[in-house]
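Visitor: Take a look at the letters that make up each chain.
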Amino acid sequence: MPDRLVFHESFDSTRATAATTRDDPNLAQGQIEAVISLLLGRSLAVNNTYALDSRTFLELADVMLTVRNRVIGEQKEEATRERLGASMPFVLFRWGQPNFLAACVDQFRRHDHEARNYFRMSAWEDINEDVAARTAIADALERVLTREHYDEPFPATLATDHPLLARQYETVLRLDAYFKNPDFDRTARAPKIALKTYVKKLVGLDDLALGDLADEKRCPRDLAVQVRDAVREGLRRGLDPNFVRGWAHDAVNAQGTDRDEVTLPELVREFVDTAYNGVLADSAHAEFEYMSSVPRLDGRDELKYMNALALGVIRTTRDPAATGREAVAERITTRMSGLLSAGSVLPGIPAESLDRILTEYWGLLADPDRSRSWAQSIDLLHEELGRGAVDVPAFRDAWRGHIAQLARDLPRVVAANDGELAVTMSNGTTEFVQTQQLGEIERAALDNALAAGEHLDDLRDVAEGLDPDA
Amino acid sequence: MDRGGTTSRRTGLPTPWLGGSPEIGLPVLLAGLDPADQEDAELATALRYAEARVQDYRSELLRRRLPEHVLLGQAVLDLAVEWRMPQVERWAVAWLTASGLPFLRTRWSSRSRNGRQRRERQLREGTVSALVGYNGAALIGTTTGAVSTWAVDGTIAELPSLLVGGRVLTVAGRDGRIVAGGPNGAFAASGWPPGAGPPAPERRSGIVAIATDGEAICLGQESGRIALWRPGDGGWTPLPRRASPVRAIGLDRGTVRLVWADGVLAVWAGGAGWAAEQQLGGRVAAAAFDRPGRQAAYAIEGRPEVRLAGRAEPLWTHGRRITGLTWSPDGLLASAGRDGTLRAGVPGTAPVVVNVEGDPGAPAFAGERHLITATGDRLCQWDLDLAGSDDPTFGSADRITAVAFDPADEGYSVVGTETGHLQRYDARGLFADWQPATVGGQVRQIVRHGEGWLVAAYTGAWQWQPGERPVRLETGFCQAVTSWRGHAVLAVADEVVIPEQGWRETLPSTVTGLAADGETLAVLARDGTLLRRDESGTTRGTTTDDMLLAVSGGAVLTVDTTAMLVRERRAGRVTARLRLTVKPSRLVPLDGDRYAGVYAAGTAVIEPEAADADPPSASVVAALPVGAEVIAAGAGRVVTAAGLRLTGYDVVVPHAATSGSGTVALRPSVDGACCAVTVGERAEPVRLPLADLAKLVVLAGKKRVDQQTQAVDLAGRLGDQLWSGGLDVELDRARGDDPGRPVRLDLRIRAEDQAELADVPWELLHPRTGPLAWFDDPPVSMVRLVAPEVPTAAEPVAPRRRMLVLRDADDALNPVTEAYEELRRRTRRVAVTLLHGTPLRANGLADLREPADVVHLWAHAEPDVVRLNGVGLPNDQVAAALAETGARLIVLVGCSSSALARRLVRLGVEAVVGMRIAVYNTTVHTLVEEVTTATLRGVPVDRAFTVALRRYVLSGQPAAAGVPLLYLREGSTGAVFPAAS
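Quick mapping for you: the protein sequence lines, in order, are chains A and B.
Counting from 1, position 383 in the first sequence corresponds to residue 383 in my numbering; the numbering is continuous, with no gaps.
Counting from 1, position 444 in the second sequence corresponds to residue 1444 in my numbering; the numbering is continuous, with no gaps.
If you're looking for bench data, these hints aren't it; they were derived computationally from the structure.
Small disclaimer: the values here were computed from a predicted structure and weren't measured.
Backbone N, C-alpha and C define an ideal beta-carbon position, used for all residues, glycine too.
Honestly, I wouldn't trust all of these hints.
Said to hold, decoys possible - Here are the in silico distance ranges between beta carbons for each label pair:
hint, chain 1, residue 1, chain 2, residue 2, range
1, A, 160, B, 1243, 36 to 44 Å
2, B, 1215, A, 229, 33 to 41 Å
3, B, 1243, A, 204, 31 to 39 Å
4, A, 70, B, 1506, 29 to 37 Å
Required output: the full structure, derived from the provided sequences and hints.
Guide: Put into structure tokens, the structure is as follows:
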């Protein structure tokens, strides 16, 4: 099966920290979105930062590697074990480091607040300010690296106070072992489009153009204008010209978190984060991207709108030809969109734990009959997707066919109804459902959702040929 | 009666094209209809919806190719079949025939069951984003910001004075005043006097709920803000808010009631705070207030229950989550669910259920009887009064993904679904087998192979024998199958396999198409690789083509949907065979050079336009404004499917002379174990098993009711074969452009087949779902034609006819006296002389020779003899004697007298009525009187016989329709005594 790498914005390490509670939708979102991508035959592309510091990804990886090993161990046929061992749920993309552990050590050691390369930790937030703890973990990982043996324990001085971190440490080691397979460990490239390009695109839009874009993405015009003006104002006041995203987060942190309403800095951060993840996806050679908004439990929709606006900016930056009503209408029919909602929205689907869902997934892979049809159906789906809007009915047909078959193969995990794929997951206390469909999402469904997202699958060829400095 | 056009005598529907042009506009047609007449009213409804459907038809290209009146006729025909309006159906066929252009004759539709219940339309601009009931109709808000009205007759009218900036999120209206809200606080209002209406509210978050009582307006925003405007108020008054979107607003004079998404119902009666609050028990998925704004119905997320605020028990439940709630003006509550149902009823009573095939979204009442739903740009109106007969299994939402014709059993088709079900349908679109099979995954293609079928599915390649479990031939994702030289050919992912030959070939990408003829197998992969296999081996080529159509005579036909070309590849030479003008989603060969294609907006028949063009252009010769997803075609027939809707069509090319012949020839002949019946002008005969015909002869001769019923059932099954084998098409052709034209079936049985076929009650054959042809409207009569051996006597010039009534002396025949008296009374005005003044007791052959124009013979008969005065006289002698009378019409009232009747026509008698089996002379006189008097009045004898048979059966002879037979001289028009003379 060819590599089909997908990058998920919801793995963003700033979304879920060590302090995030277990029932937080941020954790579930990345994991359930990842399941959908796996069911579509895609491998998750993660950069070394998210692989170390995204709690969402670390928890997913923990369960994934456990289930993978268990299912492989249950197989009687050597050929099946080999086949499963070669299947690739995720792939690492390193930036400037020879291997995963070296990258981890480097990031633990970048603890100097004053230094330009200071690395603020999210999944390891408990020890972010604790230089000794960061150094101890870095030292332990370095010993593993040197001895090429995984018997180096989590520093004893930290284990009692930080059981979550101890578990994350174990996951990092298991990930490193997984990434030893050279197919699973790759080098990132310089992005073709920098974050500043997207930001410049936004601030360069006049009211008319921004209004059109906002209408297309169904983002209220006033929100779009407010965010654009806020960024313009920031630039006027001397924002970092390199446009790293720290400034957007700093503005949110400065106002505190105890607020009911979505604030303008949060909207700016949502825009910048989505654009930034577009850059990371590009850097990770990801053929596909799924960009979704930060989930909110209070039913407010502004972040969904802003995520959509950012996707509009990414699209028009990467493919200026894809503007105008006809082009949009033509392309929109082959776009995949998704919603994260409370599990109660689709009560008919059983909610399973991530462990159970991944067990079913690996069970599908292990079954020679079902996995064969599944993989072949995925091939056709992507062949049709690769033809773009040339033959929309054929793509739609392939999509419906694939999800209908998923629902039959994995009835405990997947439901398919009227062209919509749904996966429901329970984290023990709360249930979430992720739905994917082709084309536009209805307003009512959007209103009921916690988060909305969109695949940028149809832009990959355009992005490939783009001049990054244009 | 002149009602704006020539009136068909039988149907009563106006036929203004008769004697004129078929290019008739809708206003002319509608002007000729009487709304008080049921048939007229049905036609008017169909015409209005058809007009809407044609207006909705987005393919301007197809529209330019075909005259508007043809598209309109096609739409009327389709609706008439869906709504089961047989008179309108016939009317539309006649109109289309009058156009002289090819058309798609809708034959059956799976939607006929609930067609009357639903009325569909497509919105031309934008998709529906808000829907609400208003003044017996509905208001529609769209994504483009427009607000329109939907009337229950299907009329959509835009309200230009209401234009919301951006998509309409909510709309409401009362008493001529309408308000709408959209994103970012966009607002529009109409109906208030200038200067007296509401000002624009503050532009904050989107307005998601709005209500008006015709005076005041209350709006709710996504942010939870509420604002109230009352006449006389300068501006909007903010009400207390909650940090949650508003789901519904009830406006009850000065009191405002609201339901928020976070599960609170609150009442505001003036003042700074809420007068009352109620927890509804969870996040609210949908809510609606009744018209007075007092009662709130709601549904909690995760619970598919419809609830009423203040009531502990749910009103009713759905199978899946609830997507919308709405109230009618008089207090009917309706809910919509993702289980694909609408439920409606007065709270406290059991709701009626309507299956809607999919997600109905948020519905709205149009008056008390109709519910409107919207999916994207499609609107559908559901008639609750017709919901009672709904089939609970109909909305199972198992989308049809493949259809195939059965070449071995013409008219039958096989359907495969998204979940892998296989179902065989007969020629009327009915289940042919009640136990569907399953292959466990989406069916991609179905192809006949030997005695069974090959099935391509996500779960592999399968072989299926109807009635048995499918057998898997190959695992993996199978996109295509075909049968080649008796071998199954399977396309599994990127491989093509012939298991019986051990042949397996891998292609660069998924194989999407297979086709074969006797010589050549063609394989097309998604990347354009085209593989060809024949006697000389296997070759590969690369194409830009993405659809494999067929292999014919060694030529491979493919479609390049980007370049819109149909290409033919033969012996290394590639020629463009056809340039398409509209891109189909599926295209299949129909017959000869014709193709049938389905599009999102329609179904079309395409054929080459000019053979000398390079490449030859194609022309849409027939198009139906009904879209589809999958299609099968062959031998002039088309089956399409869209979702759950399955429809069968005939491709009809009207004769240049459009008036219609009024006759259809049926020529049965013995062919081995079958009777091959040639129907009209069709080349392929319909094959009926001789054993079945023999069984029918036996059963139809039985006297017990259960045996008679078996006979009728068997006649229906045989009739289905005959009708679907082409008789239905030929009947349309015979009616031509006049929907009221009666049709005569001319049955010709060869002399050498008489022994086996003459006693078959052909007159009983009928389509199982229809009446005996005699009883159809207009009727379809059947006559048995016999070639005369001697010239027929010339029509006498005498002003008065002579009628001779003969009888045997047996007292059992005494009822003839009564019949004679009846005849005397009824024939008073038809200038006939009843000879002798009484039935003549015939003692021998000499008494049979008296000159007469009409003769009735009442006598006991057996197949070869007639009994007179206790003596059995051979048929030949009796026939010779009766022929000497010079009669043009003879009625034989005697059991088993059909052979004698046949003999009489050979001897030159124009028309003879005989009895196939035993007949009761005490009851048959009704038939005798009627056929005689009507014929004497100048009615063609076949029509007179039809009228007579109807009267006879209605007099209490339900099993009698297959007993009296009408024999007619070959070449006769049936006018035995022309009216003019």
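Visitor: Run every hint past the structure and note whether it holds.
Guide: Structure-based check of all given hints:
In this structure the supplied range 36 to 44 Å holds for residue 160 (chain A) paired with residue 1243 (chain B), their Cβ-Cβ distance being about 41 Å. Remark: the range hint 33 to 41 Å for residue 1215 (chain B) to residue 229 (chain A) is upheld by a beta-carbon distance near 40 Å. In this structure the supplied range 31 to 39 Å holds for residue 1243 (chain B) paired with residue 204 (chain A), their Cβ-Cβ distance being about 35 Å. Under the hint 29 to 37 Å, the C-beta atoms of residue 70 (chain A) and residue 1506 (chain B), about 34 Å apart, fit the expected range.
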